[in-house]
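Peer 1: Chains as they are written, first to last, in our numbering: chain G, 1 to 181; chain Z, 1 to 257; chain D, 1 to 360.
If you are wondering where the hints come from, they were derived from the structure by calculation, not from laboratory data. Every value quoted in this text rests on a predicted model; they were computed, and no experiment measured them. Glycine is no exception: its CB is placed at the ideal position from the N, C-alpha and C atoms. Check before you lean on any hint, since a few could be wrong.
Said to hold, decoys possible - Here are a few chain Z residues that face chain D, going by a calculated C-beta distance under 10 Å:
1. N2
2. K8
3. D72
Unchecked claim - Straight-line C-alpha distance at most 25 Å; calculated DSS-like pairs for lysine-lysine:
4. D/K4 - G/K58
5. D/K354 - D/K305
6. G/K153 - D/K4
7. D/K243 - D/K129
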Amino acid sequence: MKEEIIIAGFGGQGVLSMGKILAYCAIMQDMEVTWMPSYGPEMRGGTANVCVIISDRKISSPIVTRYDTAIVLNQQSLDKFEQTVKPGGLLIYDPNGVIHTPTRKDIRICRIDAIEVAARVGNPKVYNMAVMGAFLKMKPVISLDNVDKGLAKCIPARYSDLISLNRRAIDEGMDAVVEIG
Amino acid sequence: MNIEDIKKPENLVYSKTPLLTDAVMHYCPGCSHGVVHKLVAEVIEEMGIQDKTVGISPVGCSVFAYNYIDIDWQQAAHGRAPALATAVKRLNPEKYVFTYQGDGDLCSIGTAEIIHACARGENILVIFINNGIYGMTGGQMAPTTLLGMKTSTTPYGRDAKLNGFPMVIAPMIAELDGTAYITRQSVHTAAAARKAKAAIRKGLEYSVKGVGLSFVEIVATCNSGWKLSPVEANRWMVENMFPKYPIGDIKDVLKDK
Amino acid sequence: MAEKILLKGNEAIAISAIRNGIDGYFGYPITPQSEVMETLMKERPWLTTGMVVLQAESETSSINMVYGGAASGKKVMTSSSSPGISLMCEGISYLAGAELPCVIVDCQRGGPGLGTIQPSQSDYNQVVKGGGHGDYRNIVLAPASAQDMYDFVDLGFDLAFRYRNPVVILADGIVGQMMEKVELRPEKPRRSQEEVISDAPWAAVGKPSSRERNIITSLSLEADVQEKFNHKLQEKYDLIQEKEVRYETYRVEDAEYLFVAFGCSSRICEAATDLLREEGYKVGMLRPVTLFPFPAKVVSDMADKVRSMMSIELNLGQMVDDVRLAANGKCPVGFYGRQGGNIFTPDEIAEAFKKFNNFE
Numbered sequence: 001m002k003e004e005i006i007i008a009g010f011g012g013q014g015v016l017s018m019g020k021i022l023a024y025c026a027i028m029q030d031m032e033v034t035w036m037p038s039y040g041p042e043m044r045g046g047t048a049n050v051c052v053i054i055s056d057r058k059i060s061s062p063i064v065t066r067y068d069t070a071i072v073l074n075q076q077s078l079d080k081f082e083q084t085v086k087p088g089g090l091l092i093y094d095p096n097g098v099i100h101t102p103t104r105k106d107i108r109i110c111r112i113d114a115i116e117v118a119a120r121v122g123n124p125k126v127y128n129m130a131v132m133g134a135f136l137k138m139k140p141v142i143s144l145d146n147v148d149k150g151l152a153k154c155i156p157a158r159y160s161d162l163i164s165l166n167r168r169a170i171d172e173g174m175d176a177v178v179e180i181g
Numbered sequence: 001m002n003i004e005d006i007k008k009p010e011n012l013v014y015s016k017t018p019l020l021t022d023a024v025m026h027y028c029p030g031c032s033h034g035v036v037h038k039l040v041a042e043v044i045e046e047m048g049i050q051d052k053t054v055g056i057s058p059v060g061c062s063v064f065a066y067n068y069i070d071i072d073w074q075q076a077a078h079g080r081a082p083a084l085a086t087a088v089k090r091l092n093p094e095k096y097v098f099t100y101q102g103d104g105d106l107c108s109i110g111t112a113e114i115i116h117a118c119a120r121g122e123n124i125l126v127i128f129i130n131n132g133i134y135g136m137t138g139g140q141m142a143p144t145t146l147l148g149m150k151t152s153t154t155p156y157g158r159d160a161k162l163n164g165f166p167m168v169i170a171p172m173i174a175e176l177d178g179t180a181y182i183t184r185q186s187v188h189t190a191a192a193a194r195k196a197k198a199a200i201r202k203g204l205e206y207s208v209k210g211v212g213l214s215f216v217e218i219v220a221t222c223n224s225g226w227k228l229s230p231v232e233a234n235r236w237m238v239e240n241m242f243p244k245y246p247i248g249d250i251k252d253v254l255k256d257k
Numbered sequence: 001m002a003e004k005i006l007l008k009g010n011e012a013i014a015i016s017a018i019r020n021g022i023d024g025y026f027g028y029p030i031t032p033q034s035e036v037m038e039t040l041m042k043e044r045p046w047l048t049t050g051m052v053v054l055q056a057e058s059e060t061s062s063i064n065m066v067y068g069g070a071a072s073g074k075k076v077m078t079s080s081s082s083p084g085i086s087l088m089c090e091g092i093s094y095l096a097g098a099e100l101p102c103v104i105v106d107c108q109r110g111g112p113g114l115g116t117i118q119p120s121q122s123d124y125n126q127v128v129k130g131g132g133h134g135d136y137r138n139i140v141l142a143p144a145s146a147q148d149m150y151d152f153v154d155l156g157f158d159l160a161f162r163y164r165n166p167v168v169i170l171a172d173g174i175v176g177q178m179m180e181k182v183e184l185r186p187e188k189p190r191r192s193q194e195e196v197i198s199d200a201p202w203a204a205v206g207k208p209s210s211r212e213r214n215i216i217t218s219l220s221l222e223a224d225v226q227e228k229f230n231h232k233l234q235e236k237y238d239l240i241q242e243k244e245v246r247y248e249t250y251r252v253e254d255a256e257y258l259f260v261a262f263g264c265s266s267r268i269c270e271a272a273t274d275l276l277r278e279e280g281y282k283v284g285m286l287r288p289v290t291l292f293p294f295p296a297k298v299v300s301d302m303a304d305k306v307r308s309m310m311s312i313e314l315n316l317g318q319m320v321d322d323v324r325l326a327a328n329g330k331c332p333v334g335f336y337g338r339q340g341g342n343i344f345t346p347d348e349i350a351e352a353f354k355k356f357n358n359f360e
């Protein structure tokens with residue numbers, strides 16, 4: 001099993017930390033991971049993206065140009081990465097602010113209104129976990145047990161109450177994702 | 001009393017400290033470095049801290065200080081002695097660490113290192129020999145060269161428009177909270193040398209009290225570079241250097257309290 | 001089982017330094033390596049192991065702090081990125097000249113000048129061939145993963161103390177910024193002062209009456225003395241060349257074509273090798289882990305067997321000179337590289353391979 005994922009959106013949407021949590025969950029499942037961000041001035045309030053690869057074998061190149069899954073959280077990221085999804089791959093997008101919706105017919109396309117989920121859970125910071133829930137629903141590559149362990153690794157013990165909140169956002173995200181094509 | 005009587009141990013009235021090695025100094029006759037070296041060696045001997053002292057020598061005439069004082073030495077790149085001393089002291093806080101630097105080393109190429117060591121309040125002693133000239137490279141202008149002073153790179157005298165003004169560093173670093181003791185001394189008379197020695201001792205003592213950086217500037221002569229006899233050089237220093245670089249304490253945080 | 005955690009390469013350097021009992025770190029912020037000092041400052045090792053961590057006023061000062069710390073026998077290190085390494089080259093030359101052990105991490109970015117903050121491997125010549133003035137060599141380790149970053153800190157200090165020589169970990173923006181699973185090796189405590197003195201009897205850290213004074217210097221004004229010292233250094237470098245070559249190979253057993261790549265490029269070449277193998281080309285890869293000493297003999301032996309080689313680098317062609325010298329005309333040696341912070345993909349390398357070998 002090897003899953004090459006690009007996660008992209010605005011800085012502040014939790015793109016990098018979602019990638020990190022996903023990578024940690026994969027480690028808990030004893031898989032190999034790489035997490036390669038774009039870095040530099042574009043991080044400052046602009047768009048951010050991170051490529052996460054999880055695999056049950058040693059990962060060679062951390063740099064890829066075609067992805068099994070693209071998770072895009074704004075229009076620019078959708079425009080940039082829709083064409084990079086491998087045929088038969090998966091594209092997950094948040095419709096908020098997206099005017100030009102995805103057009104490809106050879107990939108699976110899913111929508112997750114993660115802002116609505118985060119509002120329902122009651123904390124805007126769990127926005128990215130709702131998105132991660134959507135991904136895990138569509139591609140259950142990591143067991144929920146290991147997701148719990150990964151969350152516990154990423155969230156400092158003094159914020160342990162946030163673990164359950166994040167887990168709830170993941171669950172709600174799993175329920176809220178809609179496959180549209 | 002013949003010469004053999006005079007040499008008997010019971011008639012001995014003075015001897016050099018064993019911390020000064022028997023190496024023949026390369027310094028020119030009349031140079032202040034020899035006197036300052038002797039003072040440093042005497043202070044280390046009197047304090048009994050040979051095994052706890054690390055000296056950092058600069059680039060310049062005193063690059064070979066390690067040949068003359070019998071302690072462990074590190075020889076630094078030009079101007080970087082305070083950076084070395086910072087690390088040695090932080091990694092070995094119980095040691096006495098001092099740098100020995102000339103005006104080109106400390107006041108020109110090493111300005112950043114000395115200012116930041118002062119700002120950080122490193123617990124080290126800096127001995128700064130200010131003779132207003134580059135001795136080792138053959139008498140070029142130093143940052144502390146006086147206006148009008150002739151050197152090989154200011155053959156018509158230092159001109160402020162062309163060469164800028166002399167650098168006066170001691171009062172500058174006195175402004176920094178990290179400095180503890182700043183003084184200007186000289187070694188042109190026995191009395192002056194005694195005061196300079198006391199200042200060096202105080203600086204070393206402060207360096208293990210955790211009060212910050214001590215800075216002992218020695219206004220010095222370079223009779224070769226100045227093209228004067230040793231006696232004339234001393235007189236020239238008193239008449240010309242002292243007005244610009246007045247002798248005396250500038251800051252002492254323990255005394256000023 | 002040893003604990004495995006997710007770390008950026010730069011963070012792995014910092015965590016490894018603390019866990020391996022390093023005495024001091026002196027650095028200055030620069031992208032893309034600032035996480036090294038940030039991680040150390042966050043971990044506050046001075047409260048646990050007693051490790052000293054200091055933000056200096058410049059790279060010039062950092063490397064000279066390393067000189068002072070190393071001259072007192074301590075395990076000290078710094079890290080920077082390309083422009084900062086340029087500033088450090090004076091100090092590195094002095095460290096080599098005074099035969100002082102230390103570890104320097106260069107998380108390379110593109111140049112020349114201020115260049116870009118994106119990944120690059122364009123400091124190969126600077127770090128492997130010298131950088132500073134005078135006849136000297138750094139021992140150079142090229143990490144390709146966060147685990148390498150972690151492991152090379154300890155390996156680097158081993159080599160640095162064994163040979164009294166600076167060791168450079170020549171990383172890049174990818175290896176520094178990428179997060180991977182890192183296995184935390186067993187901890188090593190910091191050495192006691194007695195152990196420091198026994199490891200480094202030459203250290204200038206206070207002269208007891210039992211020995212002559214220790215002087216750390218790189219100065220000798222007499223030509224014959226300096227020449228003798230140069231020869232002594234060369235003997236040391238020859239010994240390092242003989243004993244310390246490290247490399248990895250990938251699918252070379254029946255290879256007819258060879259990629260040579262170091263650091264992050266070797267990871268991408270590995271994927272390119274697989275791609276080409278799927279298409280029926282018998283390709284293998286050699287990854288030099290030490291850049292000095294360079295695995296010249298391995299390249300020479302491979303040159304007897306393969307039809308051609310290609311050096312794949314994120315620069316305009318630097319290591320390729322060493323590959324060509326080692327191959328010594330026995331087979332054609334090509335080059336493919338990207339610059340400016342651009343990174344080649346496996347497909348791109350496969351295309352370049354076909355072009356160089358006239359398969360199109």
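Peer 1: Each of the hints needs a verdict: does it hold here or not?
Peer 2: Here is how each hint holds up against the structure:
1. N2: violated (36 Å)
2. K8: violated (27 Å)
3. D72: Check passed: Cβ of Z/D72 comes within 4 Å of chain D, closer than 10 Å.
4. D/K4 - G/K58: holds (15 Å)
5. D/K354 - D/K305: Answer holds: D/K354 to D/K305 is near 19 Å, not above 25 Å.
6. G/K153 - D/K4: holds (11 Å)
7. D/K243 - D/K129: This hinted pair holds, its Cα atoms lying about 19 Å apart.
Hints 1 and 2 from the earlier list are contradicted by this structure; the remaining hints agree with it.
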